[in-house]
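Chain A is already provided as a structure; the job is to place chain B on it using the hints.
Chains A and B, in that order, are what the protein sequence lines are.
Every letter in the first sequence is one number past the one before it in numbering that gives the first Met the number 0, and letter 262, counting from 1, is 261.
Every letter in the second sequence is one number past the one before it in numbering that gives the first Met the number 0, and letter 100, counting from 1, is 99.
Misleading hints may appear alongside valid ones.
Unchecked claim - Straight-line Cα separation of at most 30 Å, DSBU-like style, residue types lysine-lysine; simulated pairs:
id: 1; chain 1: B; residue 1: K625; chain 2: A; residue 2: K405
id: 2; chain 1: B; residue 1: K312; chain 2: A; residue 2: K146
id: 3; chain 1: B; residue 1: K648; chain 2: A; residue 2: K294
id: 4; chain 1: A; residue 1: K123; chain 2: B; residue 2: K404
id: 5; chain 1: B; residue 1: K77; chain 2: A; residue 2: K294
id: 6; chain 1: B; residue 1: K312; chain 2: A; residue 2: K405
Read the hints as simulated data drawn from the structure, not as lab findings.
There are 2 protein chains.
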Amino acid sequence: MKRFLPTPHLLSPLAGPIALNLPKVAAPRVSWFSVPVRRFTAFAPSAPRTYAYAKFPTKKKYKMTTTATTLKGEPLDKAALESMLRRRMFYTPSFEVYGGVSGLYDYGPPGCALQANIIDLWRKHFILEEDMLEVDCTVLTPHDVLKTSGHVDKFADWMCKDPKNGEILRADHFVEDVLEARLKADKEARGQKVEEKEEDPKKKKKKSKGLEAVKLDDAVVKEYEEVLAQIDNYNGEQLGELIKKYDLRNPATGEQPSPPVAFNLMFQTSIGPSSNLPGYLRPETAQGQFLNFAKLLEFNTGQMPFASASIGKSYRNEISPRAGLLRVREFLMAEIEHFVDPEGHKKHHRFHEVEDIELELLDRHTQLSGQTKTKRVSIGQAVRDGTVDNETLGYFLARIHLFLKKIGIDQTKIRFRQHMANEMAHYACDCWDAELLTSYGWVECVGCADRSAYDLSVHAKKTGAPLIVRQRLDEPKTIEEWEVEIDKKKFGPFFKKDGKTIEAAILATTQEERGQLAKEMEANGKVIINVPGVGDGKVEVSKDLLAIKWQKRVEYIREYTPNVIEPSFGIGRILYALIEHNYWTRASEGGDEARGVLSFPPAVAPTKVLIVPLSSNKDFTPVVRKLSQMLRSAGVSSRVDDSSASIGKRYSRNDELGTPFGVTVDFQTLKDGTVTLRERDSTRQVRAEEDKIIEAIRALVEGTKTWQDIESELPLFEGQEVDITVR
Amino acid sequence: MKRFLPTPHLLSPLAGPIALNLPKVAAPRVSWFSVPVRRFTAFAPSAPRTYAYAKFPTKKKYKMTTTATTLKGEPLDKAALESMLRRRMFYTPSFEVYGGVSGLYDYGPPGCALQANIIDLWRKHFILEEDMLEVDCTVLTPHDVLKTSGHVDKFADWMCKDPKNGEILRADHFVEDVLEARLKADKEARGQKVEEKEEDPKKKKKKSKGLEAVKLDDAVVKEYEEVLAQIDNYNGEQLGELIKKYDLRNPATGEQPSPPVAFNLMFQTSIGPSSNLPGYLRPETAQGQFLNFAKLLEFNTGQMPFASASIGKSYRNEISPRAGLLRVREFLMAEIEHFVDPEGHKKHHRFHEVEDIELELLDRHTQLSGQTKTKRVSIGQAVRDGTVDNETLGYFLARIHLFLKKIGIDQTKIRFRQHMANEMAHYACDCWDAELLTSYGWVECVGCADRSAYDLSVHAKKTGAPLIVRQRLDEPKTIEEWEVEIDKKKFGPFFKKDGKTIEAAILATTQEERGQLAKEMEANGKVIINVPGVGDGKVEVSKDLLAIKWQKRVEYIREYTPNVIEPSFGIGRILYALIEHNYWTRASEGGDEARGVLSFPPAVAPTKVLIVPLSSNKDFTPVVRKLSQMLRSAGVSSRVDDSSASIGKRYSRNDELGTPFGVTVDFQTLKDGTVTLRERDSTRQVRAEEDKIIEAIRALVEGTKTWQDIESELPLFEGQEVDITVR
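Here chain A stands alone, though its shape is the one from the complex:
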């Protein structure tokens, strides 16, 4: 189900148990969050494969395609990873000492630094590289703006209420949960193996109450599976019909919930002391950029094309948030609005730089045929053969790919999925999502849509602001045509209350009609105008009130509303996928349980260097301080761990934090000024003078050298790293 109601995307000709007569109503905006996760349903393997989109897929449904693994290709133990992330305070439920609030998370120091580094690279990769105009607009947004954009009316999910305990349920999730429980009960009755759905234990317990082994008719099973396969295509009324038809009841109470009603997902508030200025927390950062278009164009000295960009928090009041960082109520977005002339096929002057880059594309034709196999194709080829609509869109797809690669996303876990024709808003030309494979399945992390002129047009229409480009024409354009001239001074007083209506009717005439009227005027000194609703619908207008002339004029300026290509990044989702993609475990030397490692590239690693004095010996202090200072001067972030834990433990802790390099200060250092440098992934070490080590670190962090380079340049150090304490 989309965030914008109604939901006009019936994706396959599959005949559902309830007919889906979804009108092709304009969905005013489909942003990156609206179809967050692609889901593949495997209920009816012998039937033609069907597909649907879910807000939150469970692992079970991804069985066919899920290959979420550690960096080393081993199965990912999500529980172990999550426990580690919690222990190392990457993120933590907000307000936990007050019992927490679902869908809200705080980032602890490593999560916060990781996020800041991703943003920093994003800024360099997009804003600086492309001279984009960054803006920082307010989160508080008055009602009128979001009314015009369509969010007030359509940015909603369906919810229903349990009449007994008042529990509020997201309608599509509810239908899904109950039908799945019945199918599960059926499987148990048939003696088939039932896979456990991953969920929090509290919920499972509650649900299992209603779960007795009950066999269903084969036809019913098929019907349920078909409903589930297209659960996201039903609107509220249809979900209500499903609830009635199958007598779906809340396991907690045994009651049928109320008919679904639309629940707007924006947080509402009131701006100022009187309550007459209702406002919302923005659900995306885009609107502020659109509203500033005219000023940004002027700032850019009128030159087109150009892009604005914004990094900031957005808010969506989820009915029942789940899936950790993937579906939250407050989240960081980075959005680009690239404004381009709709004429000239949206060419991009730097497209040649990226055209050979190959992407894994899952186009809409493939999806329509029920396939999920991606094609590896160069973006140049994809634009040439029309798979991707235009160069600018293609350019950004390639740039998104390069960005994800740069920050350390696993290249084998990125694909670009095209939106289906009926999944997009009516005004959009083309839309692709960058999806990353995680243990939650394929997760939409970046959306990239060609939004045509929609946004600027609706705001301009509402406010009268000229959100347009005035382009000086290279060659002035001469236009000859019939023009009407009304003598307003006489016209109004003559026709009195009907004046406006008659004037509008005259102005609405076509060139052909005007030619005819001109002849009539020439001949009779008056014309008869058709004005429905005034008198008998025919109005006589004399030549002293109206002139119709064949006029020539020269236009030097062309006015147009730019089109918008919008790459939109969900930073929290990218961050989570990045963690999964860089996680692996290695056996500890002590032989106890495997230890986690996060192999972040140095550029995004929360801390670049750990400085470890061998012991708490005071002689080490000045050396440690000097090293910190040298690293700071080199622009490299470091932390000192002078705790009493063994060196091995301290390094192990930092492997979990993803710190790529470690410097040990020992008694040898006090003698000859050498320190050791340890590389996180190999745990190999070199030893050299402080300044050589600092220079090596700088080169490693800036990416100008690899660890192999360093090993070939500096002497290897073979001392053991684990459990060295004081000699």
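Below, chain B alone, put in the same frame as chain A:
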């Protein structure tokens, strides 16, 4: 008036026309924004000088001390500056095409980059330099948290309403405005010169309606002046009395407004689909840090002291925001919470590094004596003589000073003002504001408070969470005392419903009482406990239910709640002051009006380098592209201006944007690969090969070389810069 009601700070023994009987009620939190601007009132020059604090002082009141100037010491033309900031899109009213919303501003590209650079330096100066633990907590905050912190009850201003037109007025502003208008009318009647108050023309026009030259009694003038001098000390009831006593009427309607009521300044919303979880947008970033204390301590491997830090948006629903960026409804804060053991005089291990730094201090004794003259004193001296309470607080004051200096704040326009005893919350030990002098007067931009253990204590008490430090004692502590042991198995069943009450009464006994009870038990085999409310208030407890023993125990752990030192930065205010402090104008060569320059230090300048091709000649394109790439590799942000404007115009535009360096590509470049480098402030230029110029820029931006160094190293270029077009 403070943000926390009631307002317990009557600052002088001045006998006001309405007695101020303000109880010393606990103001639970006075944050940096609460007393934003120090105001000096000059109404009664012959009377002893009085003072008061205002949210928004007008220029007029600063007459005595205002020396807001340009960087070159000339009078600051605020209108010209504001027009330039608007033209260059540093910031702009949000939603302007929809008519705007007061108190909300968007940052355009230069403002956004300036803000990002300030934040970047802040992060390096504080977080990285001091190994602080940065966290990113949510803005959405549930009701309970802000109830405990005191914001729900006390974070408010007084407002009243016009009964006729419904206009909502901030009560203190209203009283101030009307009395000032009367004093002005009186002055006019006396034929004295009236200074214009700077305000928006609309308002002035409205107000001038009521302004006829009316002479007042001398006694009345004195009374009004006394009221105005302490306008911030009145609570709502007292403001209401003033309105009645002086028959103050809204000039727009001629009506007396309703009695003032408290208006909570937090934006309220509702979290989740049911309305049973009310929440607010946080008014400060501090609470999230306090709530995560236990996890942060663990992350820091239990070591004290440590600091957390947070950079993020906060929200305050101002009744009637004015003063541009200085009082807004959505703003960026950077806050540090430094947690320190209250024992040991809050020493700081790096205090010696800063103790010689001299600050301009305005301590509370000076203020009490009616003076405003600051003392220049080293922070070491200030802590030694007790002016500043402790080393940790002093350390941060010095670090704040260094930070402000680093980003380019004028050193002659910083002072540190101590809060008066009754201006602080009851639990605070000491509090200093870094105030910056602007055309709005002295503006509080950073607060630095010692908040004692208040915040952690209230949250711990409310939630039961152990927001404490458990410190292993170097020397175990032996304690001998009377302990009571209740046999719970028998005690409960014996006393039934009264059990809990009786148990509490036993546990509440003092050591002395226990000694007495032990003797009694020894003698009688039972004791009589006073338990008010149970039976006749005397309860007999026998020795099989209760034992009272003299016990010895050894404690290895000390538990304590840390104290918090909180430096809190208003980034928008600092940004605005930074702009004013770096603004100046220079005569243009053409002789037309003076042109603005913003002499930002390279480190904060929105863009470091402007690349200017002499003309649109295509041969320049590859050179320009290469230079951009070289600068990017050197980590220096640049922009290309290849518009058709003259070189002089292009540089002039960038002087207004504060771009410190310019590189010109001309026909000579195509011959010998040399380019010119221009310095913004002197407009002098050198010429050399591309790589030498890039290296020079890198050194200038990193601050390792000055422009003088560069001039001594590279040949000066004497070509004129203005109005060179194509040769």
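Hint-by-hint comparison with the structure:
1. A distance of roughly 22 Å separates the Cα atoms of K625 of chain B and K405 of chain A; the hinted pair therefore holds under the 30 Å criterion.
2. Taken as a hint, the K312 of chain B and K146 of chain A pair is honoured in the structure, with Cα atoms around 25 Å apart against an allowance of 30 Å.
3. With a C-alpha separation of about 19 Å, the suggested pair K648 of chain B and K294 of chain A falls inside the 30 Å cut-off, and the hint holds.
4. About 27 Å separates the Cα atoms of K123 of chain A and K404 of chain B, which keeps this hinted pair within 30 Å; it holds.
5. This hinted pair checks out: K77 of chain B and K294 of chain A have alpha carbons roughly 22 Å apart, not beyond 30 Å.
6. Among the hinted pairs, K312 of chain B with K405 of chain A is consistent with the structure: their alpha-carbon atoms are about 29 Å apart, no more than 30 Å.
No hint from the list above goes unmet by this structure.
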